[in-house]
Structure formats: structure tokens, C-alpha cells
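Participant: What follows is the residue order along each chain.
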Amino acid sequence: MAHPPVDPDRIRNFSIIAHIDHGKSTLSDRILEITGAVEARDMRSQFLDSMDLERERGITIKAQNVRVEWKGDIFHLIDTPGHVDFGYEVSRSLAACEGVVLVVDAAQGIEAQTLANCYLALEHDLEIVAALNKIDLPAAEPERYAAEIETVLGIPADEIIHMSAKTGEGVPDLLDAVAERIPAPVGELDAPLQGLIFDSQFDQYRGVVSSIRVVNGRLRSGAKLTFMQAGANHEAIEIGVRSPEPTPIDELGPGEVGYLIAGIKDVGDARSGETVTTASDGAPEALPGYRDPKPMVFSGLFPIDGDDFETLRESLEKLKLNDASITYTPESSGALGFGFRCGFLGLLHMEIVKERLEREFGLALIATAPSVEYRVTRTDGTTEVVDNPADMPEIQKLDSVEEPFFRVSIITPTEFTGPLMELCQSRRGEMKKMEYLSPERVELVYELPLAEVVVDFFDQMKSRTKGYASLDYELAGYRPSNLVKVDLLLNGIPADAFSTIVHRDSAYEYGRRMCEKLKELIPRQMFDVPIQAAIGGKIISRETVKAKRKDVLAKCYGGDITRKRKLLEKQKEGKKKMKSIGRVEVPGDVFINALKLDE
Amino acid sequence: MNEFGVYIHIPFCAAKCDYCAFATWTDRHHLAEAYLAALHTEIERAVADGLPTATTVFVGGGTPTQVEPAALADVIAAVPRATDAEVTVECNPDDVDVDLFATYRSAGVNRISLGVQSMSAHVLAALGRTHDPDNVAAAVAALRTAGMSSFNLDLIYGSVGETVDDWAQTLDAALALDPPHISAYGLTVEAGTPLAESPAQYPDDDDQADKYELADDRLEAAGLAHYEVSNWARAGHESRHNRLYWSQTDYRGFGCAAHSHAAGRRWWNVRTPDRYIALVGRGESVVAADEQLDVATRTVESRQLSLRTREGVESAAFSASDLDELIAAGLVVRAARSTVRLTRRGRLLANEVALRVRSE
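Here the protein sequences line up with chains A and B, keeping their order. Mapping of the first sequence onto numbering that gives the first Met the number 0: residues 0 to 598, in sequence order. Mapping of the second sequence onto numbering that gives the first Met the number 0: residues 0 to 359, in sequence order.
Just so you know, the hints here were simulated from the structure itself, not pulled from any lab data. A virtual CB, placed ideally from N, CA and C, is assigned to each residue, including glycine. Certain hints may be false.
To be verified - Per the computed footprint, the stretches of chain A lying under chain B, defined by three or more beta-carbons under 8 Å from a beta-carbon of chain B, are: (1) 556-562; (2) 566-575.
As the list claims (entries may be wrong) - Negatives, chain B to chain A, calculated, CB over 12 Å: (3) H29; (4) A81; (5) A101; (6) A175; (7) R333; (8) N350.
Assemble the whole structure, with the sequences as input and the hints as a guide.
Facilitator: So, in C-alpha cells, the structure goes:
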């Protein structure tokens, strides 16, 4: 089908920025419906959240893009993730846009992370169209929160759209505002091709499928392409747009957003931030890419069945294609055998990666206690970066250790200020700023050691504020701290993979709590299992998982036999998710769960 | 003659116990007459299709004593039986007297299983049971008068609020009635029961282990030998019907929710009495679903079932290394003719052992 490039003046490229639950997915659904891209009867709820995991957890992890038509204009709606761990995905989505739609819950107001993403959009010189959602709720106070948005972002309150993504009210006004206020993309049709890849996913039948924004020139189906940063050539086997079903077309012009399939199998060749041009007469310069997101949290992932090591390597390679922020290097542990030291953006990211590896690749894994990156100076003056407590030099050879700090911004209703300050102080936080956004809401800024933030800070904050506070964070540099390594012994044997580095003042408490939690989380075995925490060989805490005494089905008569056989089969399956450490069977997610909030 | 079992399900109860997950109803007694008629019809059709002669019959529920005794006796009498067949009816001690037992006896019933559960009133109340412990002694006297040759007392231990002393009292009171057979079950949380909804009422494994050991001590001392995880009997009074289940022998279940087995195929009937009556009335199949066990599954199941019995299982059911470990851990011991059987500790951890059973 001949398809001349769309006139850039008719194009609007935008993302929706919203806090979790403020209605971004519902709005995306409604836009698809109102523009006729999806018939109402075909509407899967939350069309754009296509990963099972996203649907289950109700959060968007991967950016998606979709083309719709509104009153003769072409809109590309580029979805962004909604959790603080995935902030980097937001900035890469924004690179493909000229504007954003800011969606704020009219009953809750703007949240810290949304605000941070708006600042990001402003840094990219993007136009912000603000909308207050859920005006159909009895608790909605659109005027109040419009005033708040005007205060913090300088968007005039009377320009803010009032809408309900649920009922559809106001959504056409929003689309009109997008057409009117968000600038059209600027690009040269006759210039050499420059296309920006802002997301890539691996499809087992088609290879790499990339989301691409054409900046200048024409991207033609069948063209020989050069991926400039990777320095590789590929043919454009198929280009197309998602509307929302993938629809192949011949050509994409400046400002257009679509997908590109180039038969790429190599994991490294189509990273986000890559510039694509034509192999002959290509652009002399690549587009500015963006910084690779930096992993903040490190943990060992080990296959429960040692034979799965290679499968784990291949699975990580494939996942990395969709999620450039994961890092991994092989690691071996006395307790757990061969695995990978992996870097993640945060604890949620770590959990999601582990779950995806298990679900999508059929692996059973154990994750070790998460750690941050420490800068270590030895007594001989040499320095090194340590992200694995097992690699921490012995205390005699240690001169000093520096740990990363985060600058954390929290927006909260004022009534929770006290509990939040207590939380931050208990995590060695130092207050930097406290600013009232309105009489009811305040922004707190603290500097906290990253190690104190990654674990359960987010959950603690949510529980202390009934879910009303929100947070954003950024790295604030390294500082020396008085840190020690706490080792754990299972059944008297040190489990190297479970050592953790903590502040000396909280080491005893940490050891005690870990022993208690592990006692709860490690199932009773056929024998007593002592769990001990130790610092430098000295035991600081001990618990015992008592040997189990009863594990038998009481009845086994005619009608029970089939059911009971299935129970035993299930019990057997359960054992396959356990890792044997020494003679002790440990559940694969024991350390993730041990670090979670106490119920 | 080959062993063959018949099970008849009576789905009516006066009250539903909090722990019960069986197919029983407290509000459908009006269906009883039609239900028994349907049972009669299903049995007659099966006989016409060549139902083998039963060596054991077991009438369970539900509460069989909730239906008219003479009508139930007619249903039982419709089952072709060997002359020495074991014929058992489960009874609620509240519902029985000499006349009822005599009526059953006339239909060939020779064994009674009494649902005692506990001899402690507060424990019974906590289980959601209605009967009065004093009725148990009266029921035993009545079944003896009626000439029943054997009987069983069903006991349950481990509910929250039952002390070890309560359980010891229950055992002593039960043994004072000189029963030839006792089944003692650890209270089990089954999905979908009121008990499952209240985690505070969940039994404690250690408490149940203590009570199991107490029961085993007292019952063995009273001359009732353990012959399956939850069953003890005087020699010659072991339940033939239960043994048939545990040896993968063929059996046929009649009534709603009843299970059947023939040579590796298992099937089960529709769950509700209403559906059952309707299907029998229309002459249609009452089977809800079935499964065919492959050879490996059948072998594993057979070994897992034998493992629970006093006779034990062939040592080849375990790999040599697993067997060494199980013996070293004190869970199994070697017995005659290359078999192994569970120790008392092993009986309490029978699942751990059963998980290691292999199919080859």
C-alpha cells in the first residue's frame, strides 16, 4: 500500500504522565475508543498494558506506542511506566515526544514522581497539557488541585481540562487541547534519515521489534539501514504503525512514530537510544542518545537447578534487550553454585525481573540479599567498587567504605509529616528541605543512604501515610559510613551469598531481625536448623527452625485418593522451587521476602 | 472370589460440621425418598450390567442414619454380596437405637462405624458437632444387643481448645467401651469449609504430633494394633473395605459424589443429590468426570497407598540413596520380604516419605 509520509503539521506526539492509579491506563483505553482505533466491544481493559505481569500488578513497566486519528490529525500516544524504579523509561519515551498530557487525580492532587516527570518534560522543552481526572468521584476537588498545579508547575488553572477517563466526559476536550497546544514535530523530509529507537522488544518469531521515531528523512520498508552506535547494517524487513494492532506500511516520514523489524537477533544491536540511518548517503551524525540507566541495587540470581545456568544466561540476554537497565556478570558462590550478579534499578525492578525470568523462561531462581555499590579503600591505599558483600575485604584490610546517598523528595498530606520524618531519621536521613505546596500538602526532601531506601522504604512510606504520600529520588553522591558485614549461617555453615553490609549501629538489630524473619520463611525440615547472624566470626543472633514433626494426610479413602495424589504432586512441585543450601531447603524468594515490610 | 467393594453415599446431615468438606446438605431431607429410590435404580442398572459380587459394602455420608432405616436397608439389600461380606454403615450416635440396628442387621449389615469425634462436650461444640457424649455408650450397647459383629469409633484430635488432657480423656472413654476398631484423625483444614475461613482455629502440627503419639501409645496398650496411619484394630477387625481402597482394588460408588475405580480408571458422580436424582430419572449417566491413570502414576499411587499401611511397601519403591537417608532419619525400617515400613515418626511424616516414591 502506497503511503506517503504524513505531513508533520498534522502530527502530535505525546506521552501521558500520571501517578499510579490516577487513571493513565483508563485514559489510554478511552482515547483508543473515542478515536475509533478500537471498537468498544473489542476493548480489553487497559489495552496498552500488554505484559501479563503489568496487568496483574496494575502498573506499566514497558513503554508502548500507538497511532490514533483525531479530527484529521495523527496522534502518537507513547505510553510511559508508572513506578519510580522505571523513571529512565520515562525519559526515553519523552525523547520521542513534543508534549505530554499530565493526568492528576482530582481527588488526590499531584504526586512527587509525577512532578519529577513533569520537570523532566520541561527540561526536554515539552509542552504540558494538564488534566484533572476522575471528576465524577464524589471526593473530587478539581478547583483545589487545579490551584495546586498552577502553584507548582505554573500552568494556569483555567487551562486545565476537567475530565473523567472512566465516563469519557471531557476526553474530547483533552484531545482538542493536544491538537491545539502541543507543537507539531519539525523535521526535514529530504534530509538523510535519522530515526531514534526508544524501545525494543524481543519477539521469538520476528526477532527484535523496535519502537522508532523518525526525526529527519524517510524510513522505507526494504531499505538497507545502519544502526549508528552499534555500527551494524540491517535491512528494514517490515515497518509499520500500531493502531493498536501492528499494521505494515511502506514509509515513515519526519515526526512519525512506528515500529521497525530488521531481522535483528543480536541483543546489542538495537538498544534504546540507537540512531538509525540509511546504509548509503546516511546521516553524518547520530542523534543525541541518552544515558544508560544506572543499576542501583545488586543481587545474585542463582538457578535452583544448577543445570539451568546456561538457560539463565540466555534468558538474561533476551530480557536485557527489552530492559537495557539490567546488568549481569557470572558469579560463583560456595552456598549456591554458579549464577549471575545482577544490577537492578530498585527492589521492585529486581522482583519483576526475577518473576519474568521464572514465568517467561520457566526458570526457578533464588535471589540473594540485595546490595548497593560501595567504594572501598584498603589499608594499602588501593580502592575498588564492591557490589557484592562476599567481596568485601576483611575488616583488618579495610581502611574506609563509602556508600551511595539518595536525595529523596516526598510529597505528603501534612498530617503524615511526623511519621515520615521519623521514618527518614530511623533510616539515617538528613533533612534538606521542607516546603508547603498548599496548606494541606508538603514536600519533604531528605538525603538518605541508598541502602536504607532500596529495601522497604517505599512500602514503609506507603503504610505510614495510608498510601497518600509519593516519592521520587536521585543519586546524591558517595559518603563515608561506618559499615560492617553481617554474615548468615544456616545449619552452622556460612552462606556466603547471604552476607549483607549494614551500618554498624543497626548491625545487631539487622542480624536479629533477619534471623527472626528467616525462621518464619524457611519451612521446617526433617531436622532442627539453627540460623545465626555473625559479625567478623562473632555470633550476634540465633534462631532455630524446629524439625517438623507432622506432615501426613489424615484420611485416604475412596474419594480422597485422586485429590490426595494431586496434593502430593503439588507438594513435590513446591520442593522444586527450593534451593538446597547444605542440607537445608530454602525458598527461592526468601531474601526478597525477608526484607519486606512486616505485615 | 476377588475382592470388590461397594460404596453408597447418603448426602444428608442434621448439621454441617465446621471441618467437613464432604458432599453433604442439611436442607435437602425432602429429597431423601427420591434419592433412595434413585440409588435403588442405579444399583439395579449396575447389577443388570454385571456388577461383580461385593465382598465389602460401606454406607457413608453425610449421615446415613438421617434417612428412613427400612428404606436404607432396602437399598443395601439390593447389592449382590458374598456370604461373608463386610457391610458397614456410618452412624451418628444421636440417631440410633436397637430397632434401627436390628433393621440394618436384617439387611446384612454387620459392622457399625460411629462418628464419635470427641468425648469432651466443649471440644465437640468447638468442632460444630451436635451430639451428646453420653449417647455414644448407649449406641455401643444398642449395636451389641442388635448383634453387630464389629464396630468402629471415629475420633478427631487437634482442634484449638482441645488440651492434651481432653484428648487423653476421649481416648480413655472410647477404650472403656472396648471397641474392636478405632480411626483417629488429625483435624484437617479443607478448602471451602468454615474452618478454612478462620485461621485462628487452625490445628497446630506439633500439638497434633503429640496427640498422635499419645493415641498410638494408649491404643496399642489396649490391644488395638496400628494397621494404617489413622487406623487401629484388634486382630481380625481391620476394615476390609478400607484395605480395598489402599490396595487399588476395584470398587464402585453409588450416589451423588461417589467415587469408583476399575483397573486404573477412576470416575466420580455428579456432586448434588438434585442433579443425581434428575439424571437417574432420565436414565442418563451420573458420571461427572473420570481419569485414566497411566502405568507410572498407578505404580506411584499404589506404592504411596501401601506405604501408609502396616504391611509397608517394597524397598524398590525408593532409590538406594533415598532409602538410606530415610532409614538414617528414622522414618522407615526394613521389614520382611524386601519391604520397608514407616516407623511411628515416619507415619507422622508420611508425606515426606511418599514424595520420594518412584514409579520404576
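Participant: Please flag the earlier hints that this structure goes against, numbers listed from lowest up.
Facilitator: Violated hint: only 8; rest satisfied.
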